[in-house]
Amino acid sequence: MSTLAVQDHGAHHDGHDHGHEHHHDTFLTKYIFSQDHKMIAKQFLITGITMAVIAMILSILFRIQLAYPDHAFPLMETLLGRFAPGGRLDPGFYLSLVTIHGTIMVFFVLTAGLSGTFSNLLIPLQVGARDMASPFMNMLSYWLFFTASVIMLSSFFIEKGPASGGWTIYPPLSALPKAMKGSDMGMTLWLISMVCFVASSLLGGINYVSTILNMRTKGMDLWKMPLTIWAFFLTAILGVLAFPVLVAGVVLLIFDRSFGTSFYLSDIVLQGKVMSFEGGSPILFQHLFWFLGHPEVYIVIMPALGISSEIIATNSRKPIFGYHAMVYSLIGISVLSFIVWGHHMFVTGMNPFLGGVFMITTLIIAVPSAVKTFNYLATLWRGNIRFTPAMLFAIGLVSFFISGGLTGLFLGNAALDINLHDTYFVVAHFHLVMGSAAIFGMLAGVYHWFPRMFGKMMDERLGYLHFWLTFIGAYLVFFPMHFMGLDGVPRRYYAFTEFESMKRWLSVNMFITWAAIMSALAQVAFLFNFIYSIFWGKKAPMNPWGSNTIEWTAPVEHLHGNWPGEIPTVYRWPYDYSKPGHHEDFIPQTVPLSQTMSSNQEHDYEENEAGLQAHKEWVAANKKNEEVK
Amino acid sequence: MINSKKIAALFATLLLGGTQLLMAQTSAAGTDAAPTEEQTAAMWSGVQYYVLLFVLLCTAVAIIGRIFKVYDLTSQLQGKKPTNWNTVMGILFAIFLVLGMYGAFWSFIVQGSMNLPEAASKHGVTTDNMFLVTFGITVIVFIITQILLFGFAFLYRGRPDRKAYFYPHNNTIEKIWTIIPAIVLTVLVVFGFFTWRSITNSTEVKGDINIEITGHQFAWELRYPGADNKLGKKYYKLTTAANNLGVDFKDKNSFDDLKADTLVVPVGKSIRLNITAQDVIHSVYMPHFRLQLNAVPGLPTFFRFVPTLTTDQMRAKLADPSFEYMLYCAKICGDGHYNMKRIVRVVSAAEYSVWLSHQQPYLSDGIKKELNMVATAPDAAPVVADSTAHSL
Numbered sequence: 183m184s185t186l187a188v189q190d191h192g193a194h195h196d197g198h199d200h201g202h203e204h205h206h207d208t209f210l211t212k213y214i215f216s217q218d219h220k221m222i223a224k225q226f227l228i229t230g231i232t233m234a235v236i237a238m239i240l241s242i243l244f245r246i247q248l249a250y251p252d253h254a255f256p257l258m259e260t261l262l263g264r265f266a267p268g269g270r271l272d273p274g275f276y277l278s279l280v281t282i283h284g285t286i287m288v289f290f291v292l293t294a295g296l297s298g299t300f301s302n303l304l305i306p307l308q309v310g311a312r313d314m315a316s317p318f319m320n321m322l323s324y325w326l327f328f329t330a331s332v333i334m335l336s337s338f339f340i341e342k343g344p345a346s347g348g349w350t351i352y353p354p355l356s357a358l359p360k361a362m363k364g365s366d367m368g369m370t371l372w373l374i375s376m377v378c379f380v381a382s383s384l385l386g387g388i389n390y391v392s393t394i395l396n397m398r399t400k401g402m403d404l405w406k407m408p409l410t411i412w413a414f415f416l417t418a419i420l421g422v423l424a425f426p427v428l429v430a431g432v433v434l435l436i437f438d439r440s441f442g443t444s445f446y447l448s449d450i451v452l453q454g455k456v457m458s459f460e461g462g463s464p465i466l467f468q469h470l471f472w473f474l475g476h477p478e479v480y481i482v483i484m485p486a487l488g489i490s491s492e493i494i495a496t497n498s499r500k501p502i503f504g505y506h507a508m509v510y511s512l513i514g515i516s517v518l519s520f521i522v523w524g525h526h527m528f529v530t531g532m533n534p535f536l537g538g539v540f541m542i543t544t545l546i547i548a549v550p551s552a553v554k555t556f557n558y559l560a561t562l563w564r565g566n567i568r569f570t571p572a573m574l575f576a577i578g579l580v581s582f583f584i585s586g587g588l589t590g591l592f593l594g595n596a597a598l599d600i601n602l603h604d605t606y607f608v609v610a611h612f613h614l615v616m617g618s619a620a621i622f623g624m625l626a627g628v629y630h631w632f633p634r635m636f637g638k639m640m641d642e643r644l645g646y647l648h649f650w651l652t653f654i655g656a657y658l659v660f661f662p663m664h665f666m667g668l669d670g671v672p673r674r675y676y677a678f679t680e681f682e683s684m685k686r687w688l689s690v691n692m693f694i695t696w697a698a699i700m701s702a703l704a705q706v707a708f709l710f711n712f713i714y715s716i717f718w719g720k721k722a723p724m725n726p727w728g729s730n731t732i733e734w735t736a737p738v739e740h741l742h743g744n745w746p747g748e749i750p751t752v753y754r755w756p757y758d759y760s761k762p763g764h765h766e767d768f769i770p771q772t773v774p775l776s777q778t779m780s781s782n783q784e785h786d787y788e789e790n791e792a793g794l795q796a797h798k799e800w801v802a803a804n805k806k807n808e809e810v811k
Numbered sequence: 006m007i008n009s010k011k012i013a014a015l016f017a018t019l020l021l022g023g024t025q026l027l028m029a030q031t032s033a034a035g036t037d038a039a040p041t042e043e044q045t046a047a048m049w050s051g052v053q054y055y056v057l058l059f060v061l062l063c064t065a066v067a068i069i070g071r072i073f074k075v076y077d078l079t080s081q082l083q084g085k086k087p088t089n090w091n092t093v094m095g096i097l098f099a100i101f102l103v104l105g106m107y108g109a110f111w112s113f114i115v116q117g118s119m120n121l122p123e124a125a126s127k128h129g130v131t132t133d134n135m136f137l138v139t140f141g142i143t144v145i146v147f148i149i150t151q152i153l154l155f156g157f158a159f160l161y162r163g164r165p166d167r168k169a170y171f172y173p174h175n176n177t178i179e180k181i182w183t184i185i186p187a188i189v190l191t192v193l194v195v196f197g198f199f200t201w202r203s204i205t206n207s208t209e210v211k212g213d214i215n216i217e218i219t220g221h222q223f224a225w226e227l228r229y230p231g232a233d234n235k236l237g238k239k240y241y242k243l244t245t246a247a248n249n250l251g252v253d254f255k256d257k258n259s260f261d262d263l264k265a266d267t268l269v270v271p272v273g274k275s276i277r278l279n280i281t282a283q284d285v286i287h288s289v290y291m292p293h294f295r296l297q298l299n300a301v302p303g304l305p306t307f308f309r310f311v312p313t314l315t316t317d318q319m320r321a322k323l324a325d326p327s328f329e330y331m332l333y334c335a336k337i338c339g340d341g342h343y344n345m346k347r348i349v350r351v352v353s354a355a356e357y358s359v360w361l362s363h364q365q366p367y368l369s370d371g372i373k374k375e376l377n378m379v380a381t382a383p384d385a386a387p388v389v390a391d392s393t394a395h396s397l
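Respectively, the protein sequence lines represent chains X and F.
Start counting the first sequence at 183; every next residue gets the next number (the working numbering).
Start counting the second sequence at 6; every next residue gets the next number (the working numbering).
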């Protein structure tokens, strides 16, 4: 019984003792240490957006350096002080910017901001639960995430600056505090922040899994769950299995840094000084890191894919094509994601035979990804597409997923990776397939579920403006980078002026920087829209998008426990859009088959003999009636 | 209507003002190329200009939005239909598809021509073939899927009188588009696997020229094996200021080792680059040879390649007399990461032996002093030094 005791879970109240409930909530328990999943989702979202804006500003700073390596900007010195002496970024600080931009975007925005927001918001609302399995753990999860964010950002205020060894923090660079400025205190803070972050992620993940498995409402069997829930479910499992490995790696790194162990260190002569480390292997860290790191990129993209599945189906007014195939693809991606990590390490000196094996598994993972793409296309085919801003972003996601996914075939191929590894080709690849696609999934989710979160509507036309500027901007930024990579330009280079052969890319760099600035400014449209709509937006109707999933049956005014009275029962899958024979183009999950006899199909009665019998009788009776007429 | 006219007039003035400001700003930015300390005030006013410009832009956008809305409402009052955003967005997607495809094509032609020249190594040719096959397949898929995506978005844009086609699944189609990618990927996997194995083939090849390259912050050290073609052993704890690689002189093979500033290799010979690092991970990246391998402290690795085009040949091909093959560091290794260069020069066998005979022995006087070695024939050529060393 998967629906155990959901009816009694959480606060129990009817409409009339509403006021009574407000009585208990102080400002502190309602807005700060809230245990309500909807409030926690908002906390995650707003923290995530804040972190995203910070990381975006960091990226603009280093983009300016790349576009104008010989140019001094006095404002930079005013803003950054000793990190930009004379108005030019310090090379070490440039690397800090790159590192913290990557870390924040991957972990704080696209893991916590995306998964944290939408898993928290949608899991209870879409499976029909009053709240998460453990609201307290959920609260802890947010506050650990918040702590991690604060610690990460605090590293900008220490003397030697933030961590700067790249977001992958490979030792020995990250293990030897003297190897670079950022490997000192900044690295320590990075590691502490990451441990908090992983704890937060685990608390969240365990909660998501247990809520989905145990607290579904009556009738919500696994095959009736929306694809969003499937995606969050598998994402949470990936997180629970993969993140502890990162902690293990990080703890060993802390030991190497502070307690003189040699897990990752061997044969080191740093700046002429012979060190005593012996017997460790830097490659070990890479194995541990990427054992998390590769599932991590799917932790980032799968919720975005789930969200876009839901949004594309709703706004095409069509069932998602191949629901089962979509679920099996997600499962396939999840399983395979654990055996492909070695493709990040083809040229590390790992045994080349292993490289061959990882190449095979990596290219296999392209099959479920391709199936998902084709299914999206088939969903759009002969739809009746409503271009809400959310839909635009979902379509943008599919476009990025294709463009970025295809270049994965180059990088996943060990032979080609030799020449492309650590070049701009990689930067272009993952910013499209993981960065842009996932951020578009997140934005699509914000536009789509904003009415559910804040009870207000966002302005559509500002959303359109935001979409087009961001979409075009992202392609202008990342498409040319492929060619820089194909010309053998390594990534994380502070200036292209040191090598004669790279100078010709300076004009392209300038172009990219201006495209990036344009996309960054376009986000102002979003931020304005977001904040303005929270306070002064049009009040949202209960089901603004004509959607089938059950979160739209809950009242617009939030209440702890989600539904007044009983939780709705679910009778059908969530994708009955434009079903022939029905007068509307959607049938919510809560409508029993008995109320829609005219549109039911035999397929709807799998494992339901009595229902099928009734259906056949109804069809026969109807036929007779037709003949009589 | 009066209202909208007023707004239009206001907007026009604002736009004019904005343009003027923009012009003023661009000329100011032009003179701003070399700012000095005294220009701090100017700097802030420059920032103010930009902020003001952006605010103006936002205002303009807001006003355009208002005008649209007013126009929409008034035309609705006159009994016309409101703007159909579905149609607008559908058409925009169609336009994006056309312009995007043109842009991608332009990028392939213009920026694609800036890519690396043909591979200068034997295995690089197979890499490039592999690349072309993958490129062909992915570009076809890219074009088809993007056309379908934006084409569908345009064709099936919502209209109130239409109903979408209820089409939840079709097992045959799904099987087809699972199997076809699977087959294509199998081809790529098999092709790629054998290419990869042939490149990383680790069996010993007789006649390999062993060259050692060691990365440290922020330079590459090169060591050539000398006449015996064998590199002497190293042990990192032997590193001193003079013996900066930690070469072990208990190993006789070390005595004739040479050090060099440029990675010079003979064309057509099998070169075995022995790669290590001293402090942090570096990466030996020689894009013209399609060659990359990380240099990891404590983990000696090697990459074997056969250069096929001399530097002179490549210069002729590119019509660039100053062209040099380069060696970069491709793995983030510290502040100087962007500037770890070494020139790689491919020469004929004859030139190579001449060049080699002019290189300094690694066993310098400084090291000899450190090791308290008997000074033997200090002025002798390396080869001679080698023979004397053996007789020690």
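In case anyone wonders, no lab produced these hints; they're calculated from the structure.
C-beta atoms are modelled at their ideal positions from N, C-alpha and C, and glycine is treated no differently.
Some hints could be false.
Covered stretches of chain X, as calculated for chain F (at least 3 residues, CB under 8 Å) [stated by the list, open to error]:
#1 514-520
#2 524-532
#3 556-569
#4 595-607
#5 629-640
Verification of the hints:
1. 514-520: violated (count 0)
2. 524-532: holds (count 3)
3. 556-569: Holds, because 13 residues of the stretch 556-569 of chain X bring their Cβ atoms closer than 8 Å to Cβ atoms of chain F.
4. 595-607: With 9 residues closer than 8 Å to chain F, the stretch 595-607 of chain X meets the three-residue bar; holds.
5. 629-640: violated (count 0)
In this structure, the earlier hints numbered 1, 5 are contradicted, and the remaining ones agree with it.
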